[in-house]
Amino acid sequence: MNVVLTALVTSLAILVGVLTVTAWGIWFERKFSARLQSRLGPTMVGPVGLAQPLADLMKLLQKEDLVPEAADRAVFNLAPQIAALCALGAAAVVPFSAHIVGAKIDLGVLYLLAIGAVTVLPVFMAGWASNNKFALLGGMRALAQSLSYEVPLVLSAMVPVILAGSMDVSKIVEYQAAGSWIAIGPVWLGLPAFVLFLLAMLAESNRIPFDIPEAESELVAGITTEYSGMKFALFYLGEYVHTLVASAVAAALFLGGWDGPFAPGLHWMVLKTLALFTFVYWVRWSLLRFRSDQLMKMCWYWLVPISVALLLGAGAWVVL
Amino acid sequence: MSSKPNLDTGGSFTHPLYQTLERLPGVSLGLASLDDLLAWGLTNSLWVFPMATSCCGIELMAAAASRIDLDRMGTIVRATPRQADVMVVAGTITVKMAPRVLKLWEQMPEPKWCIAMGSCAISGDFYRNLYSVIPGIDTVIPVDVYVPGCPPNPEALMHGLLRLQEKVQAIRRGEKVVRDPNPELIAITKPSVPRVCERDRDGDLSREQADQALRVTADQMCSPIDVPYAATTPQKPVFAPDFAGLLTELGIADAPAEGPPCVPVARHYELTRRLKDLGYRQLVSIVASHWPAGLGRKGKDEAEPEHFEVTYLLRTVGKGSRVATWTVRLVVDETIPTIVPLFAGADWQEREQYDLVGVRFEGHPDLRRLMMAENWVGHPLRRDYPIDTPCAPWR
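Keeping their order, the protein sequence lines are chains A and B. Going by the numbering used here, the first residue of the first sequence is number 1, and it counts up by one from there. Going by the numbering used here, the first residue of the second sequence is number 1, and it counts up by one from there.
Hints were generated in silico from the structure; no laboratory data involved. Since this is a predicted model, take the numbers as computed values, not measurements. Take the hints with a grain of salt, since some may be wrong.
To be verified - Subject to a maximum C-alpha distance of 30 Å in a straight line, what follows is the list of computed BS3-like cross-link-like pairs (lysine-lysine):
| # | chain 1 | residue 1 | chain 2 | residue 2 |
| --- | --- | --- | --- | --- |
| 1 | B | 103 | A | 133 |
| 2 | B | 236 | B | 276 |
| 3 | B | 167 | B | 236 |
| 4 | B | 236 | B | 300 |
| 5 | A | 104 | A | 171 |
| 6 | A | 133 | B | 96 |
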C-alpha cells in the first residue's frame, strides 16, 4: 500500500512538474526567440507576459473542434492523445534526483529509446488520417527522418550504457557521480557521443534545423494542418514535453544528472535540463533548416558510421 | 459542426440540466468568474491567419516583426486556418481569389473574426470599378474591424486588434456592438453592393436596411471617361537591315507611316519562322487590341469594321540586340496561326490574349482561360466590354 502511494505521489508530482515547466517553457521560448530577434515577446498578458500560456490554453479550450469530413475519424482523434501520452511516458524513468524517480526499472534506457521510437506513430497517424496532402507529406517526412535518426540515437545512447555497465538510468548517474561525467569521461569518447545524441535528439523531436516535417513555407503546418483547438494543443504540448524530457535524458546520460556540488541533486538536474532546453531553442531560432536529402545524407554518411565507431571505442575502453 | 453558438440567446446554455445547475446557490458566482476567465483567454490570444495578397501584407509582416511586435499582446501568425482566430485580409481581393478567401474563412474554427486591413480590402479603393476586383472583402465574408489606410501602418493594425479585443469582450458581456456612424465617410465610400451582415456582428442592422442604405443608385454611378485621340507627328520607323530585307523579300511593303508594319495573316507564320532563323530567338511579347466598328488607328473612322490587331515583338539575344515588331490585322471571326511550335513561351502569352481580348489562335495546344476565373463570361479587355455590369459571381 505504502509503495503504491509513494509511486502515485511521485508520478503525480513529476507529471505536474513536467507540465508546468512545459507551459512556461513555451512562454520562455517566446520571450527568448523575441530577444534573439530584438523584439519583446509577450508583455501585456500578466506580468512580463507570464499568463500568456494560460490565455492560450483558455482560448484553445473554446475553439470549435473540427474533424475534416474525409478524415479517418478514429485515428484522427487518437493521434494527438498518443502524442502527448508518449512524450509524458518518457518522463517516468528519468531520475530527477537520487530519490525522485517515477519508476526505477533495470532497462530504463531501453524503455526510453522504445518510447522515443513510438512517438513517430502519432505523427504518421495524424498525417495519414487527416486526408490532407500537406499533412501526409509531413507525416512521410517525419517517418523517414525519425527512423533514420533512431540509429545514431540508439548507438550513441549505448556509449554511457557500456561505460556504466547498466541500462538503469539511475545507475548510470551513480556511475558518473562516483567517477566523472560521461561527456568528459574519456573526453574523446564521451563528447562526440554527447554531440551525436544531441543532434539525433533534435532530429527526433523535429526541431529546427531538422523541422522539415512542418516546414511552413512548403507544408503549411505539416501534420497539424487539419488540427484545431485542444487537439492541436495536445500536439503542441507533446512536442514541447518531448523536447524537455529528451533534454533531461541527455543531462542524465551524459552530464552527470543530479550530480553536482553545494546544492541538492534536484537543483542540478533541473539546471542541466533547462540549460539543454535553452540550447535547443537557441539552435532553433538561429539556424536555417536542412533540405530533406541533406538530412538523410548527413545521417547515413556521417552520423551512423561515427556512432558505430564510438560504440566500438567504448567497448574497447571497457575491456582494456 | 456547422452550427455555431448563438451569442444572442446563449445557444446551448438553454439546456434544462444547465438551467437547474445554474439555480444552485453559489454556482452562478463561479460561472460568472469562469466566464470572465474564458473571455480573458479569448481576447488575449488572438492568432492571426494572414490573408495577405498585396502591399498591406508587408505591413502585416512588419507588425509581427521587431519594433511593433504583435507577440506582445499574444498575437502570433499561424500558417493554417484551422489554428487561427482572426483572418486579416490585407490586400486587393480579385474575383478569382474571393471564393478561395471564403473557403479559407469557412475552414477556420468558431469563434472567429475578420479584420479588413487597408482600403482595397475595405472597399476595393481605386480598383473598385475594375472588372476583376471585388469592392471590399465584406461583400464575401463578415468583417468585424476595418483598419483604414493605404496601406495602414503596423501601429494601425495593432490598434485594430486592440479594438477587436474590446469588441470580443463586449460581445461576451452580452452588449450590442454598433459601428460608429460617420455620414461623411459613408457618402464618400458608399459601396455599390450590399455587405455581408451577421446579427452577431451588427446587432442593429437587418439585411434590408443594409441593402437600402448601402446600395448605389444609377445616377451616382460614374460613366466611362471619354479620352480624345491625341494626335502625334507621324514618324517613319527605322527597321533593322535584316528585318527590312526580309519584309521586302516576302513582299510585305504595306508599312504604315507610323507604327509597326502590317503583315497579312497568311504570311505571319512564315515571317516568324524566318526571323527565328535570322537570330531573333527571344519572344518578348504578344499584345492584342480590340477595335470596335468605326474606330481605327487614326481615331474615328466610319470605314473601319470591327477588328483585332495582334502585335508581336521579337529580339535577338546578346550584344547589339535588334528588335523586330509587326502587327497582324484580323477581322472579328478570323483566327491567327499559333507560333507555339516556334516559341514555347508563346503558349501562355497567347492564352492571355485569348482570355482578355478573345483572339483565337489556331493550332494552340491548350487554348483555355489563363487569368480570369474559368466560368468568366466575355473578354474584359474588349472595348465593348460593359464596364458598369461586371459579371462577378456574387452579384
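For which of the previously enumerated hints does the structure constitute a violation, in increasing order of number?
3
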